[in-house]
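Chemist: Sequence:
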Amino acid sequence: MQTQIVGIILSVIGFLGTIVICALPMWKMSAFIAANIVTAQVFWEGIWMNCVIQSTGHAQCKAYDSLLALPRSLQAARGLVCASIGVSVVAIGLTVVGAKSFVHHTCELVSTHHYNWILRPHDHRGAQRELGACIYVGWASGALLVIGGGVLCSTYGC
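For the sequence shown, position 48 (counting from the first letter as 1) is numbered 86 according to my numbering, and the numbering increases by one without interruption.
These are computed hints drawn from the structure, not numbers from a lab.
None of the values given here were measured: they were computed from a predicted structure.
One or more hints might be untrue.
Label pairs and their in silico Cβ distance ranges [as the list claims (entries may be wrong)]: (1) 192 - 111: 31 to 37 Å; (2) 131 - 95: 37 to 43 Å; (3) 131 - 110: 28 to 34 Å; (4) 47 - 70: 38 to 44 Å; (5) 46 - 88: 32 to 38 Å; (6) 168 - 135: 38 to 44 Å; (7) 95 - 47: 34 to 40 Å; (8) 101 - 70: 19 to 25 Å; (9) 174 - 70: 19 to 25 Å; (10) 94 - 124: 34 to 40 Å.
Built from N, CA and C at the ideal position, the CB exists for glycine as well.
Could you build all of it, start to finish, from the sequences and the hints given here?
Modeler: Structure, rendered in structure tokens:
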């Protein structure tokens, strides 16, 4: 029974991390560099919106205008993260009542890994691109989901 509780707790923590990476626009970060000095603007790009953060702390976010104008990697990341959340809700619910379920744990890792693999720094003059915090949170969440699913499978004898 303790092993099942540990598996469920790990899965719920991973699920909450999935919700965080879906909501936050921190998948890619860019800072503009001019003459080796970082200017006072940082750009965050997420799967739903872009944000510009000034050195004063003022943030201005804008949702993407059109679904069709988005790159395929971004559309795939959106779909996989939303699928991960949907399947996780069902799977955690079924796990709590005793059903076997493991598939939802891989959706999170696939979505963040796919987005990171396709992530290509575009040639913006003076821009320095880095992976955002959501990629790292996504990897950790995906690992927790897989570990939690593995623990649950080991208790059910999958």
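Chemist: Note whether the CB distance of residue 174 and residue 70 lies within 19 to 25 Å or breaks it.
Modeler: 23 Å, holds
Chemist: In this structure, is the beta-carbon distance linking residue 94 and residue 124 contained in 34 to 40 Å?
Modeler: 39 Å, holds
Chemist: Verify the CB-CB distance for residue 192 and residue 111 against the hinted window 31 to 37 Å.
Modeler: 34 Å, holds
Chemist: Lying within 28 to 34 Å: is that true of the beta-carbon distance residue 131 to residue 110?
Modeler: 32 Å, holds
Chemist: Honestly, do residue 46 and residue 88 meet the 32 to 38 Å range at C-beta?
Modeler: 36 Å, holds
Chemist: Does 38 to 44 Å hold as the CB distance between residue 47 and residue 70, or does it fail?
Modeler: 42 Å, holds
Chemist: Range hint 19 to 25 Å: satisfied by the CB atoms of residue 101 and residue 70?
Modeler: Cβ of residue 101 to Cβ of residue 70: about 22 Å, so the range 19 to 25 Å holds.
Chemist: Evaluate the given range 37 to 43 Å for the C-beta pair formed by residue 131 and residue 95.
Modeler: 40 Å, holds
Chemist: Range first: 34 to 40 Å. Now tell me if the beta carbons of residue 95 and residue 47 are that far apart.
Modeler: 36 Å, holds
Chemist: Does the Cβ pair residue 168, residue 135 satisfy 38 to 44 Å?
Modeler: Distance hint for residue 168, residue 135 holds at roughly 42 Å.
In the structure shown, no violation is registered for any of the earlier numbered hints.
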